[in-house]
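Asks: Residues per chain, in single letters:
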Amino acid sequence: MDRRTFLKTAAATGGVLATARLASARAAAAPASAVPERKTKHLVLVAFAGGVRTRETFGTPQNVPTLQALADEGVLYTRARTSNLGHFGAALAIFTGVAEQRGIRENARSNDVTLFEYLRKDLGWGPNDAWIATSGGAQQVNYAYGVHPDYGAAYGANTLDGEGIFNREFKLLLEGWGRPRVWSEAEERQLAALRASLARHAGADMADAGGAQVERFLLEELTRGTSDLTGPNASDAKALRVARNLLTLFRPRVTAVVLQDADTAHGNYGGYVEVVRRNDAALGTLWQAVKQDPQLANSTAIVVVPEFGRDRDLNSRRGLDHGDGSEDLSLVTCTCWGPDFKKNSIVKEEVGVVDVTPTICDLFGAKPRHSRGKRLPGLFA
Amino acid sequence: MFGRVPLLGTFFGVFLGVGDYQEQQAPPEAAIDARSLRALSFDLLGRPPLESEWKRWCSLTRSRLLDELVGSSDFWTQWFEEQLYYLLLVNNFRPQQERLAAVPRDLFEKRLDVREAIHRIALSSSFDQRNPGADTFVTVVMEQLAGLEITKNPRELEIGKRVYDGAPGTFLGAAAQSQADVVRNAIQCRAFASHLLRREHERLTRSKPEAKDLAGWCARLEKDPRCFPEIVRAWIEGPAYAARVARGAPLENRAFVRALYVDLADRLPTFQEAEPMREALDSLADSAPLRSITARLLLDSGKLAPRSRKDLSDAPAWVRTQFLRFFGRAATEPELAEFTRVLGEPEAKLETILYALVSSPEYNRY
Numbered sequence: 016m017d018r019r020t021f022l023k024t025a026a027a028t029g030g031v032l033a034t035a036r037l038a039s040a041r042a043a044a045a046p047a048s049a050v051p052e053r054k055t056k057h058l059v060l061v062a063f064a065g066g067v068r069t070r071e072t073f074g075t076p077q078n079v080p081t082l083q084a085l086a087d088e089g090v091l092y093t094r095a096r097t098s099n100l101g102h103f104g105a106a107l108a109i110f111t112g113v114a115e116q117r118g119i120r121e122n123a124r125s126n127d128v129t130l131f132e133y134l135r136k137d138l139g140w141g142p143n144d145a146w147i148a149t150s151g152g153a154q155q156v157n158y159a160y161g162v163h164p165d166y167g168a169a170y171g172a173n174t175l176d177g178e179g180i181f182n183r184e185f186k187l188l189l190e191g192w193g194r195p196r197v198w199s200e201a202e203e204r205q206l207a208a209l210r211a212s213l214a215r216h217a218g219a220d221m222a223d224a225g226g227a228q229v230e231r232f233l234l235e236e237l238t239r240g241t242s243d244l245t246g247p248n249a250s251d252a253k254a255l256r257v258a259r260n261l262l263t264l265f266r267p268r269v270t271a272v273v274l275q276d277a278d279t280a281h282g283n284y285g286g287y288v289e290v291v292r293r294n295d296a297a298l299g300t301l302w303q304a305v306k307q308d309p310q311l312a313n314s315t316a317i318v319v320v321p322e323f324g325r326d327r328d329l330n331s332r333r334g335l336d337h338g339d340g341s342e343d344l345s346l347v348t349c350t351c352w353g354p355d356f357k358k359n360s361i362v363k364e365e366v367g368v369v370d371v372t373p374t375i376c377d378l379f380g381a382k383p384r385h386s387r388g389k390r391l392p393g394l395f396a
Numbered sequence: 403m404f405g406r407v408p409l410l411g412t413f414f415g416v417f418l419g420v421g422d423y424q425e426q427q428a429p430p431e432a433a434i435d436a437r438s439l440r441a442l443s444f445d446l447l448g449r450p451p452l453e454s455e456w457k458r459w460c461s462l463t464r465s466r467l468l469d470e471l472v473g474s475s476d477f478w479t480q481w482f483e484e485q486l487y488y489l490l491l492v493n494n495f496r497p498q499q500e501r502l503a504a505v506p507r508d509l510f511e512k513r514l515d516v517r518e519a520i521h522r523i524a525l526s527s528s529f530d531q532r533n534p535g536a537d538t539f540v541t542v543v544m545e546q547l548a549g550l551e552i553t554k555n556p557r558e559l560e561i562g563k564r565v566y567d568g569a570p571g572t573f574l575g576a577a578a579q580s581q582a583d584v585v586r587n588a589i590q591c592r593a594f595a596s597h598l599l600r601r602e603h604e605r606l607t608r609s610k611p612e613a614k615d616l617a618g619w620c621a622r623l624e625k626d627p628r629c630f631p632e633i634v635r636a637w638i639e640g641p642a643y644a645a646r647v648a649r650g651a652p653l654e655n656r657a658f659v660r661a662l663y664v665d666l667a668d669r670l671p672t673f674q675e676a677e678p679m680r681e682a683l684d685s686l687a688d689s690a691p692l693r694s695i696t697a698r699l700l701l702d703s704g705k706l707a708p709r710s711r712k713d714l715s716d717a718p719a720w721v722r723t724q725f726l727r728f729f730g731r732a733a734t735e736p737e738l739a740e741f742t743r744v745l746g747e748p749e750a751k752l753e754t755i756l757y758a759l760v761s762s763p764e765y766n767r768y
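Protein chains in written order, with the working numbering: chain A, 16 to 396; chain B, 403 to 768.
Treat the hints with caution; some may be incorrect.
What the hints assert, rightly or not - Straight line, CA to CA, 35 angstroms or less: simulated DSBU-like cross-link-like pairs of lysine-lysine: (1) A:Lys306 - A:Lys56; (2) B:Lys625 - B:Lys554; (3) A:Lys363 - A:Lys306; (4) A:Lys136 - B:Lys512; (5) A:Lys389 - A:Lys363; (6) B:Lys625 - B:Lys512; (7) A:Lys54 - A:Lys136; (8) B:Lys614 - A:Lys382; (9) B:Lys457 - B:Lys554; (10) A:Lys56 - B:Lys610; (11) B:Lys625 - A:Lys136.
Unchecked claim - Residues of chain A placed beyond 10 angstroms of chain B at every Cβ, according to the derived structure: (12) Gly74; (13) Pro164; (14) Arg194; (15) Ser199; (16) Asp336; (17) Asp339; (18) Ser360.
Hints are computed from structural coordinates only; laboratory data are not their basis.
Glycine is no exception: its CB is placed at the ideal position from the N, C-alpha and C atoms.
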């Protein structure tokens with residue numbers, strides 16, 4: 016969309032925007048004491064995208080033990096309404112709180128403000144506080160920030176595809192020194208013995224289990240990269256692993272992940288189910304990393320939501336498209352887990368995927384001024 | 403937590419295959435301890451000793467070592483680097499001009515004093531580019547050179563901004579009418595010496611100076627601007643520094659980078675080697691894991707030409723020496739036993755031992 020189109024759209028939606036601004040102004044005027052103290056300091060938002068029906072997730076719990084466990088310890092929204100805007104537009108709606116039609120191959124930044132921009136601008140977060148790991152594709156960099164004149168790139172998220180987690184400076188080092196080699200089992204065993212010996216002397220003062228964990232992740236990335244990940248969900252698995260490493264290394268305030276491999280369902284139902292299973296397992300690894308990190312364990316929330324579902328019936332290729340307007344397509348499940356959320360709660364009231372951004376903004380104390388969603392009901396403990 | 407270990411011991415006779423240590427006799431009570439040697443080297447030179455330095459310095463008394471280090475060429479190089487880092491003249495803003503590069507040498511040759519050196523830095527185009535515009539420039543000059551709080555001196559800031567733009571005014575107590583005058587007046591004001599000595603004292607001793615002591619040092623520096631090394635030496639020989647060594651202090655990323663090269667390659671890194679590594683580490687809130695990885699990169703690169711285990715004539719002695727050099731303390735008996743045992747395994751490599759040491763949290767303090 017060019018500037019002229021933007022202005023036209025803005026004029027057309029002026030009433031809505033004005034109302035939103037008024038509501039924002041009222042909210043801003045609320046006394047500070049009304050904002051509750053939150054325990055959540057970090058959040059992982061997984062756009063379980065590519066089109067994932069509830070039938071293959073919570074309708075078949077054995078496919079998604081991680082999601083089921085997250086829901087058991089958190090809040091499950093069974094009727095989250097989506098819009099069939101194409102993968103790009105629908106996933107973007109999760110990050111902006113605005114559902115807007117976009118071309119399926121559109122590759123441009125939105126005029127809508129993303130979650131990252133609200134958080135970074137309102138809360139003064141730095142560049143390393145918001146990251147988005149994508150499973151690849153040129154379009155996905157557009158999730159990081161939009162072109163709204165009051166926000167934009169200066170408040171965007173860092174984007175990383177599944178290829179690595181290291182900054183430009185570190186890559187220069189790699190060019191000079193090469194990558195570390197994979198140590199033999201004997202070397203690893205010897206190293207562990209030596210470190211244990213040093214740790215016994217250092218005692219609690221210098222115990223550094225968390226650091227060793229991050230070091231392991233880094234070495235894994237450097238020695239193998241993500242090239243060892245194969246299979247139908249390879250791209251998604253890379254994105255989830257990058258997110259896991261980002262989370263434990265940088266401990267950003269918000270880490271988003273965008274998946275996409277489930278879209279293999281168009282021609283391969285079995286492959287689609289396998290992607291769902293594998294992504295759930297990779298999500299489980301990420302969750303474990305959170306639980307094992309003392310700095311993250313009690314201060315991290317996880318939100319998982321597909322951008323939309325899929326058709327009710329198989330197509331002629333025994334695959335699943337997305338276009339029949341059925342509830343399988345337009346209603347998905349949204350899973351929320353975290354220290355400020357209720358436990359083992361199921362909300363059957365209809366909500367929207369566009370409610371995710373305002374909810375996260377509310378969680379951290381930012382104002383989603385241009386979002387059309389609202390805070391998810393029944394979430395906070 | 404850490405005992406003081408005199409460096410003159412019989413095991414040094416076999417330190418890295420060099421056998422002349424037993425002949426270097428000095429009174430045991432006068433020998434500098436390993437912890438102090440490591441701390442002094444880091445604080446005064448920004449790095450641990452090279453192997454040849456270690457061999458020589460460990461036979462010196464503390465006083466004799468200070469004679470060598472304080473005011474040396476390396477001392478001034480380190481001081482200059484610390485000033486650049488303090489003023490954030492790093493990356494693209496690092497001064498490239500010959501006149502700036504000559505600052506450490508001119509200080510060493512006593513053709514420059516610390517006040518003149520900082521004046522030269524603040525007049526550089528790098529400083530100007532780093533702090534563009536009247537508001538930023540004057541704010542930085544007031545805060546970083548004179549140690550003044552802007553919120554408490556808004557009028558001075560406004561005057562300074564007008565002076566920066568060419569208007570006449572009285573800035574920090576003296577007449578001024580240009581950007582250069584802003585710098586000059588800040589450098590010459592009374593607060594400059596006080597701020598410089600306070601921050602340098604804090605950098606070296608990690609403690610705030612007493613007001614009375616600070617006033618005394620300021621008076622000395624005002625009287626003789628070239629006496630800065632003497633003041634530093636007094637700090638190093640005082641109780642505040644002794645307490646800081648006893649407490650230990652975290653190793654800054656820039657010192658860690660130099661330490662890795664010195665301890666693993668027995669040389670200092672080039673600027674091109676050190677800067678990307680420092681930048682990569684500085685970009686992380688917690689650089690400890692990445693520090694370990696950088697050590698692994700160096701060790702696995704095959705470019706360090708480390709000794710082979712077969713070259714060690716006395717493995718326990720080698721282990722003892724590494725503990726002294728890397729941690730500034732003796733290995734405990736269990737540590738010595740375990741490290742020697744691992745070294746005795748058929749597949750053992752010195753790189754494994756070195757990696758365990760330099761990736762230890764203990765290596766990241768000094």
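Asks: Run the distance test for lysine 54 (chain A) versus lysine 136 (chain A): straight-line Cα separation, threshold 35 angstroms.
Replies: 21 angstroms, holds
Asks: Taking 10 angstroms as the cut and beta carbons as the points, is arginine 194 (chain A) off the interface with chain B?
Replies: 8 angstroms, violated
Asks: For the pair we were handed, lysine 56 (chain A) and lysine 610 (chain B), check the Cα-Cα distance against 35 angstroms.
Replies: The hint holds at about 33 angstroms.
Asks: Compare the distance between the alpha carbons of lysine 625 (chain B) and lysine 512 (chain B) with 35 angstroms, and conclude whether the hinted pair is satisfied.
Replies: 16 angstroms, holds
Asks: Is the nearest Cβ of chain B still more than 10 angstroms from the Cβ of glycine 74 (chain A)?
Replies: With a cut-off of 10 angstroms, glycine 74 (chain A) remains clear of chain B, as the shortest Cβ separation is near 41 angstroms.
Asks: Against the 35 angstroms threshold, does the CA-CA distance of lysine 457 (chain B) and lysine 554 (chain B) hold or violate the hint?
Replies: 52 angstroms, violated
Asks: Within 35 angstroms, alpha carbon to alpha carbon, are lysine 363 (chain A) and lysine 306 (chain A)?
Replies: 28 angstroms, holds
Asks: Taking 10 angstroms as the cut and beta carbons as the points, is proline 164 (chain A) off the interface with chain B?
Replies: Holds, because the least Cβ-Cβ distance between proline 164 (chain A) and chain B comes to about 23 angstroms, which exceeds 10 angstroms.
Asks: Beyond 10 angstroms from every Cβ of chain B: is that where the Cβ of serine 199 (chain A) lies?
Replies: The claim breaks: serine 199 (chain A) does not keep its Cβ more than 10 angstroms from every Cβ of chain B (closest is about 7 angstroms).
Asks: Can the restraint linking lysine 614 (chain B) and lysine 382 (chain A) be considered satisfied, given a maximum Cα separation of 35 angstroms?
Replies: 51 angstroms, violated
Asks: Is it the case that aspartate 336 (chain A) keeps its Cβ farther than 10 angstroms from each residue Cβ in chain B?
Replies: It holds; aspartate 336 (chain A) is separated from chain B by about 44 angstroms at its closest Cβ, greater than 10 angstroms.
Asks: Hinted pair, alpha-carbon criterion (35 angstroms max): lysine 625 (chain B), lysine 136 (chain A). Please report holds or violated.
Replies: 50 angstroms, violated
Consistency with the previously given hints fails for numbers 4, 8, 9, 11, 14 and 15, ordered from lowest to highest.
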